[in-house]
Amino acid sequence: MSDEGKQGQPYEMIVEAGKVREFARAAKSRNPAYFVPAESHPVSPVTFLASSAFWSTPESSPSRGGPPPNWERILHGEQEFVFPNGPPHAGDVLTATTRIGKEYEKEGKRGGTMKFSELITEFRDRDGNLVAESKSTAIETGKATTE
Amino acid sequence: MSPQSATKTPAVGDEREPFVDQPLTITDFVRYQGASGDMNPIHHDTGFAQKAGYPTPFAVGMLQASVLGTYVTDWLGPENIRRFRVQFREQAWPGDVLTYTGVVTDVRTEGDETLVDVELACTRQTGGVHLKGWATFSV
Chain B
1 MSDEGKQGQP YEMIVEAGKV REFARAAKSR NPAYFVPAES HPVSPVTFLA SSAFWSTPES
61 SPSRGGPPPN WERILHGEQE FVFPNGPPHA GDVLTATTRI GKEYEKEGKR GGTMKFSELI
121 TEFRDRDGNL VAESKSTAIE TGKATTE
Chain P
1 MSPQSATKTP AVGDEREPFV DQPLTITDFV RYQGASGDMN PIHHDTGFAQ KAGYPTPFAV
61 GMLQASVLGT YVTDWLGPEN IRRFRVQFRE QAWPGDVLTY TGVVTDVRTE GDETLVDVEL
121 ACTRQTGGVH LKGWATFSV
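Residue numbers (our numbering), protein chains in the order written: chain B, 1 to 147; chain P, 1 to 139.
So here's chain P without its partners, still in its complex pose (with noise of 0.2 Å):
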């Protein structure tokens, strides 16, 4: 991704371009389980993923939406973000291939502020939905 910069004012309808990551791996797990302490064995240990009825361990949802956070951010301007909300629907798995997308749904006036909506999704190569979000942005 590159970092990107709103130049002007956001219209309905605007996409970003969406990101095709590389595919899903454990290490990509791991450096997130590093950097936010959250060390669910599930998402790093195959044998406590086994043991719990999985066939491998899973991706942290939060990783994809952090993925998904500064995907919006790096567009909009990560000082800019008032509101992210992200759902987690059908697992990820290491080997999947995620694109991430977001387009704008509404902008309106509050105040002396001006705030954009932003519909987001990350899918996964099956065309399966990994993660629907929703982001809101002061501009």
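Pulled out of the complex, with its shape left as it was, chain B reads as follows (with noise of 0.2 Å):
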């Protein structure tokens, strides 16, 4: 049965001036939009909000109460952001909402059976207009690949 669309409690982010100088300095950019004083209110890292992982909670998960995941098996297929408006900046309070997306199997070459499945988190700003979207999509494979 697909849990597509299965959605997760809403959660609250803030973008934190120095949590976006650590995620620039961890993604090698010595860009000085990144770097300037926190009531300067700097701009994101495109990537940033995969950050998001210090404040969800379980109950955020669209899977909670389902298996956990088998971390040896689950590698990131894909990942997309995309901001209507261009990227959060420091100060921001954003309220998050993971639901499920696509789930799907193919058969793969060198890691046998693979599932996809879909991960959608809306980050929203305080009258509720779209900020960012995210979605990731994961592939558990049958074995380890090792190419």
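The hints are simulated quantities; they were obtained by calculation from the structure and are not laboratory data. All C-beta atoms in this analysis are idealised placements derived from N, C-alpha and C, irrespective of residue type, glycine included. A portion of the hints provided could be inaccurate.
Which residues of chain B face chain P? A partial, calculated answer using Cβ under 7 Å [what the hints assert, rightly or not]: (1) Ala-26; (2) Pro-58; (3) Glu-80; (4) Gly-86; (5) Asp-127.
From chain P, some residues computed to sit far from chain B (all C-beta separations above 12 Å) [what the hints assert, rightly or not]: (6) Lys-8; (7) Thr-9; (8) Pro-10; (9) Val-12; (10) Gly-13; (11) Asp-14; (12) Glu-17; (13) Pro-18; (14) Ile-42; (15) Asn-80; (16) Thr-101; (17) Asp-106; (18) Thr-109; (19) Glu-119; (20) Ala-121; (21) Gln-125.
Starting from the two chains in their separate frames, assemble the complex, guided by the hints.
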């Protein structure tokens, strides 16, 4: 049975200047845009919303109550971020809601049967406007892939 | 990578100078994992990785995706990006020397906006493709 559309509880995410700086460093960027003082509200790097993991809770996962993920077999297949007006800035307070997108299977050449599942997270501002959408596609493989 | 900002509207075929990174280290993975909160041990715990059938920990795809993201936004502007998509192809490993590249594939007008599409890649020293990426900017 498909869980498509199943949704977790909304959670708050505050975009923080120190976190923006840490993330930009991890991404090996020296663009000064990320390193301005907090009161200047630095823009966040394009993949920054991956750090929403620090704000989400077990209840905000749409697959809560299901079997725990098998970390030995899960690969990240694809990731997308869409920003209608550009990425969020430090100081922004966002409300994030994650839902299950499409789920499907494919026969892989090197990893056995591959199960694909999409997780879609919408980030909205206090007025409910869409700030960003993240789509993550996970692949669960039948065996290790060591190419 | 040195910061760069677009001074004129990009044209189809414009390429950014490739960025050849230092060899990947597990420290790079740990720094990204700490920043992002994705603590999957397969990227830093050798015993865990080997038990799962891998010779060593392998790279966190989202780290290279993040480097690719800042590589292209350092070019066309971190405020200007509207869409960024990456596909994770073959795995990358500690010691890999990765090259990041980007080329403008389309420039179009939608309403009062000029949109620029860029095709991106992160390639291993073997020639194998680690990431394919696509970005759209409003300039």
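Right, here's what the structure says about each hint:
{"no.": "1", "hint": "Ala-26", "in the structure": "4 Å, holds"}
{"no.": "2", "hint": "Pro-58", "in the structure": "14 Å, violated"}
{"no.": "3", "hint": "Glu-80", "in the structure": "4 Å, holds"}
{"no.": "4", "hint": "Gly-86", "in the structure": "5 Å, holds"}
{"no.": "5", "hint": "Asp-127", "in the structure": "20 Å, violated"}
{"no.": "6", "hint": "Lys-8", "in the structure": "19 Å, holds"}
{"no.": "7", "hint": "Thr-9", "in the structure": "18 Å, holds"}
{"no.": "8", "hint": "Pro-10", "in the structure": "17 Å, holds"}
{"no.": "9", "hint": "Val-12", "in the structure": "22 Å, holds"}
{"no.": "10", "hint": "Gly-13", "in the structure": "23 Å, holds"}
{"no.": "11", "hint": "Asp-14", "in the structure": "19 Å, holds"}
{"no.": "12", "hint": "Glu-17", "in the structure": "15 Å, holds"}
{"no.": "13", "hint": "Pro-18", "in the structure": "14 Å, holds"}
{"no.": "14", "hint": "Ile-42", "in the structure": "6 Å, violated"}
{"no.": "15", "hint": "Asn-80", "in the structure": "7 Å, violated"}
{"no.": "16", "hint": "Thr-101", "in the structure": "15 Å, holds"}
{"no.": "17", "hint": "Asp-106", "in the structure": "17 Å, holds"}
{"no.": "18", "hint": "Thr-109", "in the structure": "18 Å, holds"}
{"no.": "19", "hint": "Glu-119", "in the structure": "15 Å, holds"}
{"no.": "20", "hint": "Ala-121", "in the structure": "15 Å, holds"}
{"no.": "21", "hint": "Gln-125", "in the structure": "15 Å, holds"}
Violated hints, in rising order: 2, 5, 14, 15; the structure is consistent with all others.
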